[in-house]
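Q: Residues per chain, in single letters:
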Amino acid sequence: MWRDLKSVFWAIPKGLSITFRYLFRKSVTQQYPKNKPVLEDRYRGLHYLTRYDDNSERCVCCGLCAAACPVDCIYMEPAETEDGIRYAKIYEINELRCIFCGMCEEACPEEAIFLGHEFEFAAYERDDFIYTKEMLLANYDNIEKERVAKNIKPLIRKERQEFKTPAAPLGH
Amino acid sequence: MAENITITVDGRTVDVPSGTLIIEAARKLGIEIPTFCYDDRLRPVGACRMCLVEVEKMPKLIASCATPVAPNMIVHTDSEKVVKARKGVLEFLLINHPLDCPTCDKGGECPLQDNTYTYGPAESRYGENKIRFIEDSKNQKFDDIRLGPEIFLNRNRCIMCFKCVRIVRDLAGEADLGVFQRGSFANINVLEEIELDDEFSGNTVEYCPVGALTSKSFRYKIREWLLKKSPSVCNLCSDGCNMNIEWSRGEVFRHMARRNSGVDDGWLCDRGRYGFDLSRAQDRLVRPHIRRDNKLQACSWDEASALLSKHLQNIIDTNKGSEVAAVGSPILSNEEAFAIRRFFSDVVKSENVDFQTEYPKPIEPELLDLIGLDGSIKDLESDSTFVFIGCDPAVEHPVVSLRIRKAVSTYKAKAVFISSHDKKLGYFPITNIRIPFSAEAAAVNYLVSRISGKTTGDMADFKIDPDGLNRLADNLKNAGRIHIIAGREFFNHPDRAALLVGLIKLKKSTGAKLSILPPQGNFIGVSRFGLFPSLGHSFENMLERIESGEIKTMFVFGANPIDEYPDRKYIHDVLKNLEFLVVVSPFANATASLASVVLPQAMLPDYGGTFLNIEHRAQKFTPMTENPHSDVKPAWAILGELSSLLDMGNIWYSDSQVRKVMIDTIKEIEGLDNLPDNGVVIRFPAKDGYDPGDVSLAEPETPGIDYPYIMNWTPSAHHHGWITEKSDNLMRISGKQIAWMHPDDAAREEISDGQVLRIGTAETALNLPVIITTGVNKGEILIVNSFSANPVNRLLKKGRPTTFVSVRKS
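Note that the protein sequences, when read in sequence, are chains A and B. With the working numbering as the guide, the letters of the first sequence map in order to residues 477 to 648. With the working numbering as the guide, the letters of the second sequence map in order to residues -5 to 804.
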């Protein structure tokens, strides 16, 4: 009986001791949205589609990101320019469905898609979360502007890789 | 002959006939040897070196695709030496390969990708620049050259396996593709001003082991792994080639061959391959239409079927079934044909059912047993002499003609064409015996009397030059395994009865096989399963009865009589007399524009069913399971619904159910239930002893002074019948409608090549560009048919398959 009472009354100072201990430590709570969180370099947020330095899209619509995507949130339709270059006529990511696993950037053979640091893209309509190619490229342009302003080294090589060889002798 | 040889592959022994290649012997054991250039249907070349194997007591590795087995051979396909060699070969193949897999259409189904992944080195040691074929010096990004209307070639990706060259050269017998330059600069190309547009060019794309050859219709459309496959059968001609319809999200992207060694052997012609866009063509009917205020307006199925059932109920109540007629067409499936006959004989109580809307005269019932291939398609390879009368296999039966090409090129068979204009089988050696238009019956009779040693009649009446026929008759006397094949022109022949008698006599006197091959899709199926008219109820009789007012209602299923019947004005006027015309059609067409009710019909690949091909092989086709066109229905579904609205009970819910009723009704056919993937040849009990007796030859017609030219028409290889015109792909390949005429005629009329002519009579004419060639007879104009802008049947008069025309510059 006595022992039980002791444990009941002792529990209160024991528990409060933790509270008071943390009272004098440095706070871990972040005051979002007043203070922005510090994100790690490898944080995976909103996607962006990159460009070459001549402003052309890197994406050739090969479909590997869509194939790698575990939740099937990427939809694309390839097409051909008049010059015979393959490009994405439609490229859409449903960001509501996306689980930000980063498999798409892993799969991309052209270094065209990346997950950026943007995470504040709330909207009122579900349709607004379907990011089209133009929106994803605009994301990149913003990021690129910021990078140039901050003078940070680019993540990827920006010039288009070309065959630099002399052409084969032609003519029949 | 071939005796068996025992060899050891990877420690296991196998018995194979002598002459078998090592790669085939290994495949028999289930050991896969990687290869790029080998195809069991083509002659081996040993170009890619991927299939190197080690044979004991041989100093070097050998190419297993080009080495026949020898007694007691011990082969290792997985030894250290072989593995190293494969790695080396792949490293060499990839030296100049651009590795642009993300942009390449073959990615995902590419043997080079697969083999590199399985056998190849992960990295290349090659540090030099790759060789690149730049096609356009201004635009350095585009490396593809256009070989033909459908085919593009990227020579950087090519690994020089020569498969495409062999397909075009050995299989199709065309000299279009070739190899230019040497060494690392060797490349596939066409000669200047030559286009790769033969009937089989699509196969080069399908069998290219890399993405070097691509087709315009599939290029950059979708990735291979997103496609679902529905096994199906082509019905654009009566060969019945097996194919996979590949689709995604309710849209068809391509047709790929599904190998059936008894029928197509894995090849598809371009008509079947690129006709895949038909089901999503612009003119496709997807909703029912009812005529209101003299205009066809879209409506719901409920409205349309209520109107139809009300109309039919009236007819049934007043017992006026004979006022109703139904016209089918060879594009229908067997189930549809059966359901149409069943509905109209049991529910409506009408005997007026037919499907032959494109012939001037109905087919004799006795002919039914003779229609179809004598023997199997595979047997064609072993025939030694082919006599074609009014048949152009390259156009009417492209894939079956591959067997004939093989017999001619490999087994040195002879092919003789008796026709009014020149035909060809690629560049393979054939003989053309030219006779005047519609003189086939006289020519066959001449052959028969010459072979049996009787006195031959005077050929001067028919203006036949007997030299060629004499030589043919002498050859036929000694030849074994003769095959006489009649085709489209037989069905359209003005003197068909006499020609048939001649053909049967020729068959008897030479001991030959006789095949009469209809060119249209499921001709044999629909005629066997219900649509063949009973006596006095053919389409011709129906038209007479419409004129006299006995028939007031007509149902048209999948046919387009206005574009097909050989007298456009007549049929148009007759069909206008109808009180009630119901057109069930996959496309909006000329006939539908006259109709009171138009119903959207299902076509490949909207529904399932079976077709019967020329060797009476019943083959199953399946629908794609996602279909954006939810309102299209096959004929049996429409009629089933109607019969339930008429309180007759619906027994037709699915194609298998119709098939079950069909099997129960037609007892003598066997094998239709449980059809295997490659189909079953159905034996119909033949009524033998058909002897048509003697028929005297019709007098040859002579042209008048005003209209000096006789008009003849032909389909083109990529476009046959009114349906293929709806396909954008096929229209792009087949090009424009043209006419041919003889140089002497052109000189007399002062016409130059390519000029647009007004061909026709005083009342009506066609305006067509003309090509001057010696391939047609003097005094004959040959026109490509089936273009709705200039339909040939506008010139024709009822009951006659041809007409005399005048020609002048327009």
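Since the hints were made in silico from the structure, they are not lab data. Take the hints with a grain of salt, since some may be wrong.
[Claimed, not checked] Simulated DEER-style distance windows between Cβ atoms: (1) E245(B) / D530(A): 52 to 60 Å; (2) F597(A) / R253(B): 49 to 57 Å; (3) P630(A) / K54(B): 47 to 55 Å; (4) M725(B) / E516(A): 57 to 65 Å; (5) A169(B) / R623(A): 34 to 42 Å; (6) I89(B) / E610(A): 54 to 62 Å; (7) V624(A) / E103(B): 55 to 63 Å; (8) V750(B) / D530(A): 24 to 32 Å; (9) R285(B) / D530(A): 36 to 44 Å; (10) E610(A) / W219(B): 57 to 65 Å.
Think of the CB as a built atom: it goes at the ideal place given N, C-alpha and C, for glycine as much as any other residue.
Q: Taking the hints in turn, state whether each one holds.
A: Each hint tested on the structure:
no.: 1; hint: E245(B) / D530(A): 52 to 60 Å; verdict: 34 Å, violated
no.: 2; hint: F597(A) / R253(B): 49 to 57 Å; verdict: 51 Å, holds
no.: 3; hint: P630(A) / K54(B): 47 to 55 Å; verdict: 51 Å, holds
no.: 4; hint: M725(B) / E516(A): 57 to 65 Å; verdict: 58 Å, holds
no.: 5; hint: A169(B) / R623(A): 34 to 42 Å; verdict: 58 Å, violated
no.: 6; hint: I89(B) / E610(A): 54 to 62 Å; verdict: 40 Å, violated
no.: 7; hint: V624(A) / E103(B): 55 to 63 Å; verdict: 42 Å, violated
no.: 8; hint: V750(B) / D530(A): 24 to 32 Å; verdict: 48 Å, violated
no.: 9; hint: R285(B) / D530(A): 36 to 44 Å; verdict: 59 Å, violated
no.: 10; hint: E610(A) / W219(B): 57 to 65 Å; verdict: 27 Å, violated
Hint compliance for this structure: hints 1, 5, 6, 7, 8, 9 and 10 are not met, and every other hint is.
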